[in-house]
Structures are given as C-alpha cells and as structure tokens.
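> Heads up: the protein sequence lines correspond to chains L and E, in order.
Note that my numbering gives residue 98 to position 98 of the first sequence, counting from 1, and the numbers run on in steps of one.
Note that my numbering gives residue 122 to position 122 of the second sequence, counting from 1, and the numbers run on in steps of one.
Just to be clear, a hint being listed does not mean it is correct.
Below, a sample of chain E positions facing chain L; criterion: calculated Cβ distance under 10 Å [what the hints assert, rightly or not]:
| no. | residue |
| --- | --- |
| 1 | 13 |
| 2 | 40 |
| 3 | 47 |
| 4 | 49 |
| 5 | 67 |
| 6 | 70 |
| 7 | 96 |
| 8 | 130 |
Just some of the chain E residues that point at chain L, by a computed CB distance under 7 Å [said to hold, decoys possible]:
| no. | residue |
| --- | --- |
| 9 | 15 |
| 10 | 97 |
| 11 | 114 |
| 12 | 116 |
Note that these hints are calculated values from the structure, not bench results.
The beta carbon of each residue, even a glycine, is placed where N, CA and C say it ideally should be.
Residue strings, one per chain:
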Amino acid sequence: MPRFEPASGRGVSSIPSFLPSSDEELWIIARGEEPAAETGEAKPGCGAMLAATPQGEEVPMPLKHTDVRADVLGCITTVKVTQQFQNPFDSKIEAKYVFPLPQNAAVNEFIMTIGTRRIRGIIRERHEAERLYAAAKHQGYVASLLTQERPNIFTQSVANIEPGKQIDVELTYFSTLAWADGWYEFVFPTVVGPRFNPPGSTGGIGAVGRGQHGVSGQPTEVQYLKPKERSGHDIAIRLNIDAGVAIEETECVTHVTRTHSSSADTLEVTLSPLDRIPNKDFVFRYKVAGDRIKSGLVTFEDKRGGFFSLMLYPPQDLKQLERKPLEMVFVLDSSGSMNGRPISEAKKAIERALQQLRPEDTFQLINFSSRASQLGSRPLSATPENVKRGLACLSRLEGQGGTMMIEGIKAALDFPHDPGRMRFVCFLTDGYIDNETQILAAIQQHLGATRIFSFGIGSSVNRHLMENMAKVGRGAVAYLGPNDSAARVMDAFIERVSHPALTDLELDWGTLKVTGVYPRVVPDLFVGRPVILTGRFTGNSTPAVRVAGKTGDNTIEWTISGSRAGEDGASALPSVWARMKIADLSETALTDHSDELAEEIKQVALDYGLLSAYTAFVAVDSSRVTAGEEGTTVPMAVPVPEGVKYRTAVQDR
Amino acid sequence: GRAEETPTAPERSHFLAVDVFIDSHDQPLAAYQIELQAPPGTRIVGIEGGDSPAFSEPPHYDPKAIQNDRVILGGFSTLPELQLPKGRTRVATLHVQNERVAVPEFAVQSATAANAKGGKVKIQTSVEERKGESK
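Work out the full structure: start from the sequences and follow the hints.
Spelled out as structure tokens, the structure:
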C-alpha cells in the first residue's frame, strides 16, 4: 500500500480540484525523506557544482556576507546593514535577495560601494525607480535597487556584477527599541520564514525550493536551500549600547555572543564566529538600573519644525487593582510550518496558561490549519476536569496543512462576549502567512470588546504580523523563541492580563501645541508594556503633560514634567515620526483602498527620504559600461528558519 | 544659440556621470554647499563622493528638493588643515539618466565654501560630463 505524502506538504484540502471521480484509480507515491541534490555545470541560475563539506553541500550563491552594526542611544537604534555581493560564476549576473528587517525600521540611507567608490542611492517613486534600474541594467551599468514587499520584507537587486567582482550595498535604518516587563530588547531578523498563500492568491510571497523560480505563482519568491545544502553566506552582528544608566543584566538566548564593557552604562556585543548562520532572529535583551521606569518626553527641532517622542509607562497602581474573571480563547496555529518544535513549544505555553486559570475563569481552545476546529461549542469554566479535557485535546494536535488563519480569527471572535468577563484572544503562531492585510482587516471588523494577544512562536517569526495583530487588536505581543521558557513567557502574560489595563487614555499637552500624533488612537496601557507616541510640536518644549485613563469605574491621573531636548539619538525622531505616520496610514488602508491614501503615504516617504511600499532606492554607476551580455538573474537561496521543516513548509517539485 | 533639444524615447535614454568641481584656489577647502538644478529630461540616479579623502563620502541630498531634481550637496571635513584639498577638486559626481539628445547642463544656483577656521572661501564651481571610464 503506497504511503500518502502530500506533494506540497500542505494537505490535500489546500490543493484546488483535488477530488478524483469514483471510476478513477488514484495512486499516491511516497516521496523520499530528503530531496536529492541537483548536479550539473557551474553556471548562474542552475545553482549547481555543489562542493561537499562536513557541514553539507555548498552551493555557489551571490551573497557572501552580511555585516550589521547597531548603535543604541537611549531608546533609538541606528543600524547599518552591509550586504556583500560577489559573483562566483564565470559570466555576469544580477543578484536578487529577499530579506527581512524589523517591521518598524525607517530605512533612510542606501549606498552602493564598488571598490573604493561609494555612490549614494536616491529615493524615488517606486515604479520610476524600477524603470531607472531596468534601463541601467539593460544598458550594462552596475546598478542596485531596494524595494519593500511588506513592512518587514525587502528585495535587494544588484545588476551587472562581473565575474569575480564584489559589490557592497549598505542600508541604514532607525527604529525605537522595544521595552517589555523590565527588559529592553534589540531584535534583528536574518531570514524570511516560508509564507503560506491561500488558494487563489496572486500577490503574495512564495516559498519555493532552490532553483524553482515560478513554482509558487507569486510575484516575489524566497528560494530555500534543501536541508543538506548551504550557501556559505554568513552574518556578523555588533551592537553598541549606551544606556545612559547602569546596565544590570543581559540575556541572549538565540545566539552565542561576546560582550565587553568600558563603563557601567555601555556595552559592546558581538556575535560569536561559531554562530553566524543567518537562520534565526538575533534577540538581545538587557535590564537597566532602577525598578521604577518613568514616563518621559524627548524632543528635537530642525528647519522642518519640532518632533517629539512620548513614552508612557503604566503607573504602579495598576497592579493593586482587583482581578476580574477572564475569558481566555487560545487560538493555535497547527499548520505545516509549525510541525515539530514550534507547535510543541506553543502547546507548553497553553498548558501553562490553563494551569494558571481560576475556576471563575473560562477558556476555549481553537486550532487552525487548512480549517479551524474548537474544543466545544462555547467556552468552558476552568474547573480541574475541564482543564484536563483541554490538555488532552491539546496533546493530540500536530502541525500539518495550510495556514488559513482567517478561519481561526472568525472562530475566535464571532461568538457572543460574556460581559462579566474580560475576553482575551491569544493567537499562537509563527505568522507564516502572506494575506496579512486580510487578517488585520478581519480583526478590525470583528474585534468588539475583545483584546488580542499575539504570541510569535519560533526562531524567525513574522513580527510585522504579530505586532500589528496586537496593535489592531488593542492588546500586546510576546515572543517564544526556541530557547525561551514557555513558562516564563506565559506567566508574564497571565500577570499582565490579570490586572486591568488603563483604557480611554487622554492627554493634556499643556503649553505644547501638537499635531500629527501617532498612533492616532492611543492604545490601552497594560502592566509591563509602555506606549510610545510620536508627533510634531510648536511652542514650549518643556511642558507638563497630564495623562488620565480609566480602569473600569476608576480614573487614574499622573503628570509627566519636563523634556529631554537634543538627547543623543533624538536626531532620528523625524524619520521615526514619518515611519509611524506611514504605519498609521497603512492601517487605515486596511479598509480604505483609496488612491488618495496611497498618494499620501508615498508623499510622506518621499519627503522624508524613506523606503515604503510606494518608494524605492536606486543607485547606478553611470561612469562605466560592463562588458558582455545582460547577466543571468541569480536569486539568493537561504536556509529555512531553525526549527522549521523544509518538507512541510516549502514548495518543492 | 543652443542646439535644439530632442527628447529621446525612454528606451534610448542614456546614462552619464557628471563631475562637480570646486576651485578654492590657494585656500584649504573644509566645507562646501552647492545647489544644482538638473535640466528637464534628466534624472539623478546616484551621488558619488569626491577625489579627496576629505570629501570621499557621498554627500547627503535634500529628499524634498531631489523630487524636482534639484540637488543640494554639502560636505565638511574635520581633517587637519594640511590634509585639506586646495585648488581644483572634484567634490562629488552625479550619476544621471538623460532622456534628451543634448548633453545636459546643470545650473549652479548657489555655492558657498569655508576653510578650516570657518572663514568664507571664494570659489569657482564647474559641472562637467565625465569622459572615459572610471577605474
């Protein structure tokens, strides 16, 4: 009897028209565990002439090395990413590399280096930049183009790299540092996780095997190395932290690092040479002295006017308020990409949460892959018997099939809310889907009084989706990496939701005249999670800002006085503000598809020199025409993220 | 008079490098700012640094101005005075796409410069199409 092996690893139900008629005989042939490596001549595009090494078969690829230099000043991070492309073939090539950056990155600089010559790229309207690049490529000039596919996924194209030659492309971005539960967190993603595209979608990002361009039918594809292949591409990361106060504790559970301190306030962190394969997020956390983090205002002024950043930390009083009964809905992604360790860790987290609930709480378990299913028709009281039943249901779940997250959202949000309880819907997923806009719009439409907590599971989570689910869902986000403790992450979550959030926040700006404050709707303040607002201002930049919010029937008020003008890192505020404005406009665009909105996003990006969905960076060396015919395009193949199984996540013919 | 400019079809557009020179005569050049306007049919596709180590980094540009292909180039150096360039120095190169037959002429709209002590320096500027290939 042949053993069933789905061709794509995504489950029969995701393959259109896969229904044989009753008079047909269906043979299903098992596929081998490990796909055979290709062999052939060494030429661009075929990815062949594999060299055997102890670590696997090395495939010639155009990206040799990525160098990351990050400087943290206060809560602003400036990161310079240099990608070193080198042509390993004997004819000209165009290199294409699809890669991730943090989803809130404001990319504002782009420099192409050829030998000792450095050429600054120009920000242009996207289609124009693409035309300029195409013309330069066709005419034989070395050129590079950087485009955004998603807020956290980008494509680097470098044309006319001559045999043996190296072209470096350097991009710089600003971002704000995340702070949660007492820890600052610097994150740098190194690989795009394989995205699932719902049947019939045509505007997505495909996940295909190396050399299988076009298989997914999507306009952008990430090609993945097979399990026993490697490309030789490695990454170096150096992080310089100037915290301004003593750094008390540090943690990096994702990588082996070396640290060096020249003072109590500063720290230099470098990635160990033993841990340089780019197949997982780099996450470095640190705690600073003082257990009472205070809200604060940072300002910056230039010829464009005044910009500010206001960080609101929840007051300590919230922890003393009475806990209300909870209605917990756990929504677990049980698709193919979660197979193995990711789903195992997610299940541990849910088990921990179930064990923390009280009998007056209720819970529901929903899982989704190609379809959604749930434990019962309505939430169950968290009695010991019901918790045991929930644990038993959880233990039977495996990772297989497609990722129809929309089904999970509808199942989680479309049943009546119990007004006597605070409802929290917890999504546990790696976020490897490509219909993010549809998902976020659905949350917006169905949210009601619910709060969404998104848990990113795995080594290379789609953080753009996770952060925005939490933002649109008026909740918070947490991450559970392969080396994180499920218990610790879930304990922090239960602690957070057990205390009421401060809602309906209102700010009295005093003598500060503010405009363009983003996000426009101030999120709820949860214990352990600050809210950052950015905006423009005129007037006195050292005001007293009064903040008021509600917890049920209670009102809590406090005052933030003074500001820190000209603080190190504050010069990035204009870019950070513009980036937040673009994010806010993009959220509006979930339901408003007008041309005017797209035009506004484009104009903000052009005015501030930022990369966006509607703008792109282009750089051309017009001083020299390279010899030979137009080069072959060689897509950069990357490893699947650590913990993700190639067979269940990547389309391979 | 000027030769008639004939727009070319986009597929016949061509690329060229345009060098920007500042002649500070016998004064060491520590800082400069030049505002240039590209002619119609010309799009700037890259800005390269200059010859001297003092100005080898590619200058920044004003993102609002560049939308109309107006480039405000500026650079300053903190090198010791003896290492600053004098005389005629290439401070930057503009890489451009030109959609017209005639060689584009860039208009210098303003130019200022200073020496290491912050004193104003009298300069002459010129913008020339590069002939021959870069090494």
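> Against each hint, give a clear statement of whether it holds in the structure.
Okay, the hints, checked on the actual structure:
1. Because the closest C-beta pair between residue 13 of chain E and chain L is about 6 Å apart, less than 10 Å, the hint holds.
2. Here the hint on residue 40 of chain E is broken, as its CB sits about 15 Å from the closest CB of chain L, past 10 Å.
3. Residue-level restraint check for residue 47 of chain E holds (minimum Cβ-Cβ distance to chain L is 4 Å; threshold 10 Å).
4. Interface restraint check: residue 49 of chain E against chain L, minimum CB-CB distance 5 Å, threshold 10 Å, status holds.
5. About 6 Å separates the beta-carbon of residue 67 of chain E from the nearest beta-carbon of chain L, less than 10 Å, and the hint is met.
6. For the restraint placing residue 70 of chain E at the interface with chain L, the shortest Cβ-Cβ distance is roughly 12 Å, beyond the 10 Å limit, so the hint is violated.
7. The closest approach between the C-beta of residue 96 of chain E and any C-beta of chain L is roughly 7 Å, which is under the 10 Å cut-off, so the hint is satisfied.
8. Hint status for residue 130 of chain E relative to chain L: holds, with the closest Cβ pair at about 6 Å, below 10 Å.
9. Hint status for residue 15 of chain E relative to chain L: holds, with the closest Cβ pair at about 4 Å, below 7 Å.
10. Evaluation of the residue 97 of chain E hint against chain L yields a held restraint, the C-beta minimum of about 6 Å falling below 7 Å.
11. Given hint, residue 114 of chain E at the interface with chain L, is violated; its Cβ is 19 Å from that chain's nearest Cβ, farther than 7 Å.
12. This hint is violated: residue 116 of chain E has a C-beta 24 Å from the nearest C-beta of chain L, more than the 7 Å allowed.
Checked against the numbered hints above, the structure breaks hints 2, 6, 11, 12 and satisfies the rest.
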